[in-house]
Amino acid sequence: MMGEGVARLSPADKRRPLARPRARTWWRGKRFQEYFWRGVALLVVLLGAIAVLTPFMWMVSTSLKSHMETYVFKWIPAKPMFSNFPKALTALPFGRFFRNTSFITFAAMTGEVLSASAVAYGFARLRAPGREVLFLILLATLMLPGQVTMIPMYLLYNKLGWVNTYRPLIVPAYFGGGAFSIFLLRQFFMTIPLEMDDAAKIDGCGFFQTYWRLILPLARPALATIAIFSFMGNWNDFMGPLIYLNDWSKFTAALGLQFYSGSAQGSGNMELMMAASLSALLPCLILFFAAQRLFIQGIVITGVKG
Amino acid sequence: MSRLGRKEAIACYLFILPWVLGLIIFTAGPMIASLVISMTRWSIMSPPQWLWFNNYVQAAEDPLFWQSLKVTMSYSALSLPLTLALGLFVAVLMNQKIPAMNLFRTIYYMPSVVSGVAVAILWTLVFNSQWGVLNTILWQVFRVKGPTWLLSETWVLPAFIVMSIWGIGGGMIVYLAGLQSVPTELYEAAQLDGAGRMQKFRYVTIPWISPVIFFNLVMGIIGSFQVFTSSYVMTQGGPNNASLFYLLYLYNNAWKYFKMGYASALAWIAFGITMVVTLLVIRSSSAWVYYEGVRRR
Chain B
0 MMGEGVARLS PADKRRPLAR PRARTWWRGK RFQEYFWRGV ALLVVLLGAI AVLTPFMWMV
60 STSLKSHMET YVFKWIPAKP MFSNFPKALT ALPFGRFFRN TSFITFAAMT GEVLSASAVA
120 YGFARLRAPG REVLFLILLA TLMLPGQVTM IPMYLLYNKL GWVNTYRPLI VPAYFGGGAF
180 SIFLLRQFFM TIPLEMDDAA KIDGCGFFQT YWRLILPLAR PALATIAIFS FMGNWNDFMG
240 PLIYLNDWSK FTAALGLQFY SGSAQGSGNM ELMMAASLSA LLPCLILFFA AQRLFIQGIV
300 ITGVKG
Chain U
0 MSRLGRKEAI ACYLFILPWV LGLIIFTAGP MIASLVISMT RWSIMSPPQW LWFNNYVQAA
60 EDPLFWQSLK VTMSYSALSL PLTLALGLFV AVLMNQKIPA MNLFRTIYYM PSVVSGVAVA
120 ILWTLVFNSQ WGVLNTILWQ VFRVKGPTWL LSETWVLPAF IVMSIWGIGG GMIVYLAGLQ
180 SVPTELYEAA QLDGAGRMQK FRYVTIPWIS PVIFFNLVMG IIGSFQVFTS SYVMTQGGPN
240 NASLFYLLYL YNNAWKYFKM GYASALAWIA FGITMVVTLL VIRSSSAWVY YEGVRRR
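Residue numbers (numbering that gives the first Met the number 0), protein chains in the order written: chain B, 0 to 305; chain U, 0 to 296.
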């Protein structure tokens, strides 16, 4: 074979470059392919991102329009009407609604962080017979839809006279703070080296002190993560307040906003509607941008390592 | 057990106690109560009457129950595959070392952070057939006259599905983390074996991240029976019950008509359906979900 090939090489062939055995056009080159596909990917992702942002942009734009401009398709209002915001928030007692929402949110958040971290410490660090079975039950409750327990809970709170108070929205948070938070914190606690617990024990720390003075400070990022999740959940909660709160004076921002929704189909004051909605979303958006890293970490811990 | 071991066990139980109490008071107890209530007629005002399984029989004959089931099922049958596939698609694209990935990740995730009434109101405006941004863009860019969306029996569910696609960011982030955990050796080995781009995706990426797909699928199935706020705020189940989601129908029965017994029966039916579907998915998972670190026969 080889001899044959060599024999066939005439002096004329020698002049032709032999470097490329198969003719390869430039666009099939590895380098170009790489850049090409990355470019396509970037373009698609960019278009998607624009699509995702459009509703937000529309919201901001509408909230700054004058009433007449809401009937015209344009992105930038002639003169931004910042006065829409105070107007929208005073048309209904939103100051009060926001205060109520903040109160419920912070009370429930405190409960969730405190009790979930304690329970997670028990599951992650202390050995006891039956612990594994209990943990499996905890995981199973992650899958339990809330509707099954909703009606008996309402009937119970009704008996206790708790309907139309904030108690049904706050008290449950102090009993474990939700399977999701416990699970997330436990996963995080497991990554803290056990030697640290031993060192604390040698220094004379009991279990509670180890939890309070060693684990909690070390787990600050994870605690912040569940605090943020809890904030978002409580701040945006609609069904809970809808079921339990009857008095205007006790309403949350989500309940108050609902009164604007009636005019969403018709030609009501769209600019005020959007201004009020944007104000309700703002705390969540700001928190998200401030703490993105924690957020994404939290999702990754539960989603992938689970 | 040693004295120290016993001490540790007691401490463990004490730390877990709040959750155990919560489990009994807020989960196990109410679940049993709900089962009992589902066999009664109870309107809060009057004492409950025992009905045995009549509520369940009544559900089978209730056209609105079937309607709400149909709405919920068709919604999840369309929205789940779409959001799962699109979320994965975007995650794969983002994983191509594109510039400003963190910024894009943030943008895509934004809709998952905001939820509830404000978002429902925002989408009502987007879908508004006359001044809504969606129909305007459809007209100005594609010269297509958009449907009336939320006011149309045919288009109201597609509108909700479009909305659910807006939220693919939540699943996307989990996929992205999964994609980043695929060992590069696997790709190199596949390359040596002559695998192309698509083959690498099909035979390396998909098996490796199948647990993540599985997780997103199970969560999605459970979530589809929980659609409430958007349907309550945007359409109240209309037009002509075309968007009567299951949880909305349950809510109406319990807090509008005060049929606590019937609503409890509805809750148990939904629970049963989700359980069966989830179990089927889990059963099937051994065929398509690959777990690294689990020995296979």
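Keep in mind the hints are simulated off the structure, nothing from the lab.
Ideal Cβ placement from N, Cα and C applies to all residues, glycine included.
Hints are not guaranteed to be accurate.
As the list claims (entries may be wrong) - Residues on chain B that point at chain U, a partial pick, calculated with CB under 7 Å:
(1) I49
(2) V51
(3) N235
(4) M238
(5) M272
(6) F287
(7) I298
Here is what the structure says about each hint:
1. I49: With a minimum Cβ separation of about 9 Å from chain U (threshold 7 Å), the hint on B:I49 is violated.
2. V51: Holds, about 6 Å.
3. N235: holds (4 Å)
4. M238: At 6 Å from the nearest chain U Cβ, B:M238 passes the 7 Å test, so the hint holds.
5. M272: Given a least distance of 6 Å, the restraint on B:M272 holds.
6. F287: B:F287 check passes; min Cβ-Cβ to chain U is 4 Å, inside 7 Å.
7. I298: holds (5 Å)
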